Amino acid sequence: VIASDVDTRSARKLAAATRKKETNAFKNSKNRLTSPAATIAAIVIAVVWTIPTFGLFVTSFRPPADINTSGWWTVFTKPDLTISNYIQTLNFNDTITVGQSFINSLVITIPATIFPIVIAALAAYGFAWVNFKGKDALFIGVFSLQVVPIQVALVPLLSLFSSGLTIGNWAVFPGLDLNGLDGSFARVWIAHTMFALPLAIFLLHNFIAAIPSDIMEAARVDGAGHGQIFLRIVLPLSMPAIASFAILQFLWVWNDLLVATIFTSGGNFPITKLLTDLSGTYGQSWYLLSAGSFLAIIIPLVVFFALQRFFVRGLLAGATKG
Amino acid sequence: MTAFFRWLAGLPPLAQIPIIIVAFGVVIGLILFFVEVAPRSGRGYTVMRLAVAVVVPAALVLILGVYNSAVWLVGLAAVLGGVLFLLDYRSRQGKGYVLQLVAFMAPALILVAIGLFYPVIRTFVAAFLSNDGSHFVGFNNFAYVFSGGSQGLVALINQLVWVLIAPIIATAIGLAYAVFIDKSRGEKVLKVFVFMPVAISFVGASIIFKFFYDYQQGAQIGLLNQIVVWFGGQPVNWLQSSPLNDALLIIILIWTQTGFAMVLLSAAIKGIPDEQQEAAELDGANAFQRFRNVTIPGIRPTIIVTWITISIVSLKIYDIIAATTQGSNNTSVLSYQMVRLFENLPPQTGTSSAEALLLFVLILPFLIFNANNIRKQRLGL
Chain A
29 VIASDVDTRS ARKLAAATRK KETNAFKNSK NRLTSPAATI AAIVIAVVWT
79 IPTFGLFVTS FRPPADINTS GWWTVFTKPD LTISNYIQTL NFNDTITVGQ
129 SFINSLVITI PATIFPIVIA ALAAYGFAWV NFKGKDALFI GVFSLQVVPI
179 QVALVPLLSL FSSGLTIGNW AVFPGLDLNG LDGSFARVWI AHTMFALPLA
229 IFLLHNFIAA IPSDIMEAAR VDGAGHGQIF LRIVLPLSMP AIASFAILQF
279 LWVWNDLLVA TIFTSGGNFP ITKLLTDLSG TYGQSWYLLS AGSFLAIIIP
329 LVVFFALQRF FVRGLLAGAT KG
Chain B
725 MTAFFRWLAG LPPLAQIPII IVAFGVVIGL ILFFVEVAPR SGRGYTVMRL
775 AVAVVVPAAL VLILGVYNSA VWLVGLAAVL GGVLFLLDYR SRQGKGYVLQ
825 LVAFMAPALI LVAIGLFYPV IRTFVAAFLS NDGSHFVGFN NFAYVFSGGS
875 QGLVALINQL VWVLIAPIIA TAIGLAYAVF IDKSRGEKVL KVFVFMPVAI
925 SFVGASIIFK FFYDYQQGAQ IGLLNQIVVW FGGQPVNWLQ SSPLNDALLI
975 IILIWTQTGF AMVLLSAAIK GIPDEQQEAA ELDGANAFQR FRNVTIPGIR
1025 PTIIVTWITI SIVSLKIYDI IAATTQGSNN TSVLSYQMVR LFENLPPQTG
1075 TSSAEALLLF VLILPFLIFN ANNIRKQRLG L
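Chains as they are written, first to last, in my numbering: chain A, 29 to 350; chain B, 725 to 1105.
Hints are computed from structural coordinates only; laboratory data are not their basis.
Nothing here was measured: the structure is a model prediction, and the numbers come from that model.
Note that beta-carbon positions come from the ideal geometry of N, C-alpha and C, so glycine has one too.
Any given hint could turn out to be false.
[Said to hold, decoys possible] Covered stretches of chain A, as calculated for chain B (at least 3 residues, CB under 8 Å):
| id | region |
| --- | --- |
| 1 | 129-135 |
| 2 | 280-291 |
[Claimed, not checked] Derived lysine-lysine pairs resembling DSS-like cross-links, with alpha carbons at most 25 Å apart:
| id | chain 1 | residue 1 | chain 2 | residue 2 |
| --- | --- | --- | --- | --- |
| 3 | B | 912 | A | 163 |
| 4 | B | 912 | B | 994 |
| 5 | A | 161 | B | 912 |
| 6 | A | 163 | B | 819 |
| 7 | A | 161 | B | 907 |
| 8 | B | 907 | B | 994 |
[Claimed, not checked] Here are some chain A residues pointing at chain B (derived, C-beta under 8 Å):
| id | residue |
| --- | --- |
| 9 | 86 |
| 10 | 92 |
| 11 | 93 |
| 12 | 139 |
| 13 | 170 |
| 14 | 259 |
| 15 | 263 |
| 16 | 303 |
| 17 | 340 |
| 18 | 345 |
Full structure from sequences and hints, please.
Written as structure tokens, this is what we have:
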């Protein structure tokens, strides 16, 4: 008994010593890997990367008269800041106010984030846990569509929505008949859902397929059908993947301009579209553009900082596996 | 469905969110309920399966709306549903199996077919039709795109410049940055600075840089021109001087994508075992040699994936051009111009589709690469 006790003690000592040596070696290599020059280069890049944003940010708090007569960097010598730009911008009216377009962005983004996730989760479960012939080919086909530029799909999709489908002289589908209906977000919801599906199916499938089959079997033995398994096991277990994709999709829809350009009209412009129009017509009204930009950026930045972990995970899963 | 959407459109915007989500939830709930009970045996369940298989497709056609001349489509849908029921009834994996599968897959597959597959085919056809779509014109649209009269050739060349330059530089800077900050103190904070632009929209980024590039008579308010002035130069109207303006717009894309590259590559670098670095160090390799002979080979697949992902982004670019120059002064690219041509009155659908097709050809190698990649991955599983 004593011998073995001594043995364990010495083994523990040895392990501790090795660990110490390892951390030392690690520290050394760490010091040498990041030379001062590299650190300085990194800091220079970080500063260069931040200055343009910082400049516009400072500008958004300066009185309009100052903005157009002196550079934002003069603020350090004679500071004169105000938040009136933001109040004016929120109420600035260009068919709709910037404040309204901010709400439109929310109305577009929330459903357009939820729909594709749920529909894709259904399909991903089908791809992962129900066997059928031609599954792989279909999966690759769906995923390949992900790289197709949306531009290629826009024209026919818009004509399908607005004037329906006519083959030759034979009228088939009358379309959604929502043209010029300013309050309707249906077309933009549907379009975003469609375009998001390939990536959503791919990401969720990777995750859902990795759920241990024992869990599924156990549920099946207990008498659960596919519906219950999906609702009670698959959805809760794939929450990390769903969260990751939800953030990607939320940012992508909130930041989108192209789909909004085609599928929204004056009354339901999101903030990106309104800002682009303002940038064209009021190109020199920097008090408006700077405050407007930061109003549009606030939500993505909040989402980004609050949920960075999931966001990075989503990016990694989406890119490295593709 | 149109009636529902029209009613919804009359409500205040914020009120529309909960209503559409609840409506969507009900539909999904019905699908899941059906999937749950479909495989149960007994006469009642068989009748239910038959009823669902026949009625749902027919109802779907009716709900979407159909012209009187095509009313027989409702019947066709019902018959197809019936065939599906028979297939299901005789399925080797048990009753309800096929119907369950269809219930899981159909919503996504139908949406992808309508939203991506059908439009791509239509665009292919439209590229060879006249602008109003009335008659076949062969390759005339392509000839027009390449002729000097349109901006098509400029747009094509610019697009190539974008896709050749932006991905390489963004990946290179992202890699350099990831290596520089790897294991340094404050790595997380340093990461945030470069990564933040990833969350900012292209529109926001464009306005940020438009201000950075701003040109004025007299005192400058754009930092770039002020720097030129500080060094004793004359301020330049950057966005109007071709071909420099192209490079300045590409910088906006690089600015947004570098953070993305950095995060991917940083994760890959952390995946390289420390022992490899240490072994190289013991062998007397200096920092650069270790970078070239250990780091680079270790993360090569990630470098390629990063480069490809940013290339695809460069081929889809629209927002940056729309929010800055709107294609003036020779800055247009195909992916921007084809949307503009379509927005013209009357829309130049033929020319626009021809440009879309060119864009598709450019993206084809990436599509094939991705498909191959994933096929390998699935075989490996």
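Right, here's what the structure says about each hint:
no.	hint	verdict
1	129-135	holds (count 4)
2	280-291	holds (count 7)
3	912(B) <-> 163(A)	violated, 42 Å
4	912(B) <-> 994(B)	holds, 14 Å
5	161(A) <-> 912(B)	violated, 47 Å
6	163(A) <-> 819(B)	holds, 20 Å
7	161(A) <-> 907(B)	violated, 48 Å
8	907(B) <-> 994(B)	holds, 9 Å
9	86	violated, 11 Å
10	92	violated, 12 Å
11	93	violated, 12 Å
12	139	holds, 5 Å
13	170	holds, 6 Å
14	259	holds, 6 Å
15	263	violated, 10 Å
16	303	holds, 6 Å
17	340	holds, 6 Å
18	345	violated, 11 Å
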